[in-house]
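Trainee: Work out the full structure, taking the sequences as your base and the hints as a guide.
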Amino acid sequence: MYTLLSGLYKYMFQRDEYCILILGLDNAGKTTFLEQTKTRFNKNYKGMSLSKITTTVGLNIGTIDVGKTRLMFWDLGGQEELQSLWDKYYAESHGVIYVIDSTDEERLSESKRAFEKMITSEALEGVPILVLANKQDVETCLSIPDIKTAFSDCINKIGKRDCLTQACSALTGKGVNEGIEWMVKCVVRNIHRPPRKKDIT
Amino acid sequence: MAIGFNVETVTYKNLKFQVWDLGGQTSIRPYWRCYYSNTDAVIYVVDSCDRDRIGTSKSELVAMLEEEELKKAILVVFANKQDMEQAMTPTEMANALGLPALKDRKWQIFKTSATKGTGLDEAMEWLVEALKSRQ
Ligand SMILES: Nc1nc2c(ncn2[C@@H]2O[C@H](COP(=O)(O)OP(=O)(O)O)[C@@H](O)[C@H]2O)c(=O)[nH]1
Ligand SMILES: Nc1nc2c(ncn2[C@@H]2O[C@H](COP(=O)(O)OP(=O)(O)O)[C@@H](O)[C@H]2O)c(=O)[nH]1
Ligand SMILES: [Mg+2]
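Sequences listed follow chains A and B, in order. Here the first sequence is numbered in this note's numbering, starting from 213 and rising by one per residue. Here the second sequence is numbered in this note's numbering, starting from 1098 and rising by one per residue.
Calculated directly from the structure, the hints in this document are not laboratory data. It is possible that some hints are incorrect.
What the hints assert, rightly or not - Listed below are the simulated PhoX-like cross-link pairs for lysine-lysine, each with C-alpha atoms no more than 20 Å apart in a straight line:
1. A/K410 x B/K1169
2. A/K255 x B/K1229
3. A/K372 x A/K397
4. A/K372 x A/K329
5. B/K1110 x A/K258
6. A/K360 x A/K329
7. A/K264 x B/K1155
8. B/K1169 x A/K258
9. A/K222 x A/K264
10. A/K410 x B/K1168
11. B/K1110 x B/K1200
12. B/K1155 x B/K1169
13. A/K300 x B/K1155
14. A/K324 x A/K360
15. A/K409 x B/K1168
16. B/K1200 x A/K410
17. A/K258 x B/K1229
18. B/K1110 x A/K409
19. A/K410 x A/K222
20. B/K1110 x A/K264
21. A/K386 x A/K369
22. B/K1200 x A/K300
23. B/K1200 x B/K1169
24. A/K280 x A/K360
All figures in this text were calculated on a predicted structure; none of them were measured in a lab.
Mentor: Take a look at the structure:
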């Protein structure tokens, strides 16, 4: 009886929670992506106007429920000095969303270096990575093949993990749902990082 | 310096802030907790030049944030006295205060100078938006 009841309780009031780290250079669109995601997946979320978003020197958080799965996002600052804080979150992350500004060809190699450092970190071994080629609403932006070429020498460092490059516009929402759904699928099937059990309140 | 505390009501962008300036001396710190209920945000002002006492600032902050009533409060850190050359950078400040360990709380650091008046507007604008967009 106890087992049945506690099983029922867990079914009704507990969610599998996965922590998703949002990384990328400053100005890539990380915070905009988080706000867009919260707005799309939370019916009651009023949201802030995307134009009021300012530089992150800290941590933004957000949670969404996709079916029985809960994602908790950590959106960190991307400025060079702040990148040293990224690895403090690696051990507890179930997935990483790496955001690239597709309109900023000049900083693409800088972004690649930060990406490389991140994927070669042991604390993130086997963790699925979603690469978002953001700002695809801008006509003159780099295409997915352009970006893949620029990141090509990272490919052999990605290791055994799920990795997808997705075209996206955090501003208009294009590609956001697809990216999130892919991430949900990957974190759920990654048995090496089991979820946290969270009571829903 | 505040001895005891000052209470002020400030209206900024249609949001009313009740501001408690709690003095920092050791003897009155236990009384801080009297003011925690209904707190939506904590603004923690730290002297960016005082590396000797940053450890104390950290333990006070950690203890404060453990209070149940502050569980949902947004944390804003004013890294103050940024007009001084030897001021700590935001990353140094974040590490010194142990902020990367806060995984369930929204936080942000602003470089401020209370004497020059810099950084304060930006921080308040940010806080207004942050309070409006709470989940
Ligand atoms: N055109 C366009 N601009 C974007 C997009 N995403 C973000 N931005 C803009 O890029 C700037 C930086 O965005 P922000 O979310 O603060 O980037 P973060 O530093 O990575 O958090 C802001 O001016 C955003 O409005 C996008 O998909 N398209
Ligand atoms: N250089 C500099 N000095 C400051 C700044 N803010 C406060 N001070 C000085 O620090 C001392 C303590 O300031 P006070 O506001 O009384 O600090 P409290 O004890 O935290 O309330 C005073 O001498 C102020 O003039 C600042 O931004 N820059
Ligand atoms: Mg940001």
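Trainee: Is A/K280 close enough to A/K360, meaning Cα to Cα at most 20 Å?
Mentor: Given that 20 Å is the threshold and the Cα spacing comes to 33 Å, the pair is violated.
Trainee: Decide if the proposed pair is consistent with the structure: A/K264 and B/K1155, CA atoms, cutoff 20 Å inclusive.
Mentor: Distance ~30 Å between A/K264 and B/K1155 Cα, so the pair is violated.
Trainee: Do the alpha carbons of A/K324 and A/K360 lie within 20 Å of each other, as the hint requires?
Mentor: Holds, at about 10 Å.
Trainee: Quick one, are A/K410 and A/K222 close enough, alpha carbons at most 20 Å?
Mentor: 9 Å, holds
Trainee: So if I understand the rule, the pair passes when the alpha-carbon distance is 20 Å or less; does B/K1200 with B/K1169 pass?
Mentor: Between B/K1200 and B/K1169 the Cα gap is close to 12 Å, so the pair holds against 20 Å.
Trainee: Given the hint that A/K409 pairs with B/K1168, test it: the Cα-Cα distance must not exceed 20 Å.
Mentor: 19 Å, holds
Trainee: Given the hinted pair B/K1155 and B/K1169, is their Cα-Cα distance within 20 Å?
Mentor: Roughly 19 Å between the alpha carbons, so the hint for B/K1155 and B/K1169 holds.
Trainee: Does A/K222 pair with A/K264 here, judged by a C-alpha cut-off of 20 Å?
Mentor: This hinted pair is violated, its Cα atoms lying about 39 Å apart.
Trainee: Given the hinted pair A/K372 and A/K329, is their alpha-carbon gap at most 20 Å?
Mentor: Roughly 16 Å between the alpha carbons, so the hint for A/K372 and A/K329 holds.
Trainee: Regarding the pair B/K1200 and A/K300, is the alpha-carbon distance no greater than 20 Å?
Mentor: The hint holds at about 10 Å.
Trainee: Assess, step by step, whether the Cα of B/K1110 is no farther than 20 Å from the Cα of A/K264, and give holds or violated.
Mentor: Distance ~14 Å between B/K1110 and A/K264 Cα, so the pair holds.
Trainee: Regarding the pair A/K255 and B/K1229, is the alpha-carbon distance no greater than 20 Å?
Mentor: Satisfied, since the Cα-Cα distance of roughly 16 Å is no more than 20 Å.
Going through the hint list in order, the structure does not satisfy hints 7, 9, 11, 18, 21 and 24.
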